[in-house]
Amino acid sequence: MRAVLQRVTQASCTVDGEITGAIEGGFLVLLGIEDADQAEDLEWLAQKIIGMRVFNDENGMMNKALADVGGDILLISQFTLFASTKKGNRPGFTRAARPDVAIPLYEKMIEKLSALLGKKVKTGIFGADMKIALLNDGPVTILIDTKDKE
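Just so you know, we're using our numbering here: the sequence shown kicks off at 46 and counts up by one.
One or more hints might be untrue.
Unchecked claim - Subject to a maximum C-alpha distance of 30 angstroms in a straight line, what follows is the list of computed DSBU-like cross-link-like pairs (lysine-lysine):
no.: 1; residue 1: Lys-132; residue 2: Lys-109
no.: 2; residue 1: Lys-165; residue 2: Lys-109
no.: 3; residue 1: Lys-176; residue 2: Lys-164
no.: 4; residue 1: Lys-176; residue 2: Lys-157
no.: 5; residue 1: Lys-153; residue 2: Lys-165
Quick caveat, the hints were computed from the structure, so don't treat them as lab data. All values derive from a computational prediction rather than experimental measurement.
Could you put the whole structure together from the sequences, leaning on the hints where they help?
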């Protein structure tokens with residue numbers, strides 16, 4: 046799994062002119078799932094997202110986690126995070142999980158993050174043409190890959 050975390054002051058997802066999820070502050074998380082991903086990847090990544098201390102404390106230092114600042118999560122499925130650009134100029138997406146694999150893992154990630162955060166995670170719609178609006182705060186953008194565990 047790959048996740049792009051963006052610390053935001055606001056973010057929203059719109060599908061067919063309707064807002065499916067919106068937050069005022071916290072993380073916009075773009076989540077890519079590949080066929081090789083397992084429940085262990087999901088658990089590790091969810092803990093990492095919730096525990097990431099990139100929110101400012103009273104001294105302006107990035108020492109606080111999402112729960113410490115009462116932040117929210119907008120979770121967006123993003124198969125293009127597994128784009129292969131090795132050959133030519135048209136990316137390939139063969140590493141991205143097919144919907145029959147990705148949807149259950151995406152839904153479990155929603156459940157896990159909601160449980161860890163103690164409130165409902167906002168989402169887009171899996172596989173839809175989504176329009177994402179955000180105001181990146183900092184900017185702070187973190188890439189996490191469960192295969193690298195950096």
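Hints versus structure:
1. Lys-132 with Lys-109: Given pair Lys-132, Lys-109 is violated - Cα atoms ~41 angstroms apart, limit 30 angstroms.
2. Lys-165 with Lys-109: Distance of about 20 angstroms is within 30 angstroms: holds.
3. Lys-176 with Lys-164: Roughly 24 angstroms between the alpha carbons, so the hint for Lys-176 and Lys-164 holds.
4. Lys-176 with Lys-157: At roughly 24 angstroms apart (the allowed maximum being 30 angstroms), Lys-157 and Lys-176 satisfy the hint.
5. Lys-153 with Lys-165: Roughly 13 angstroms separates the two Cα atoms, so the pair holds.
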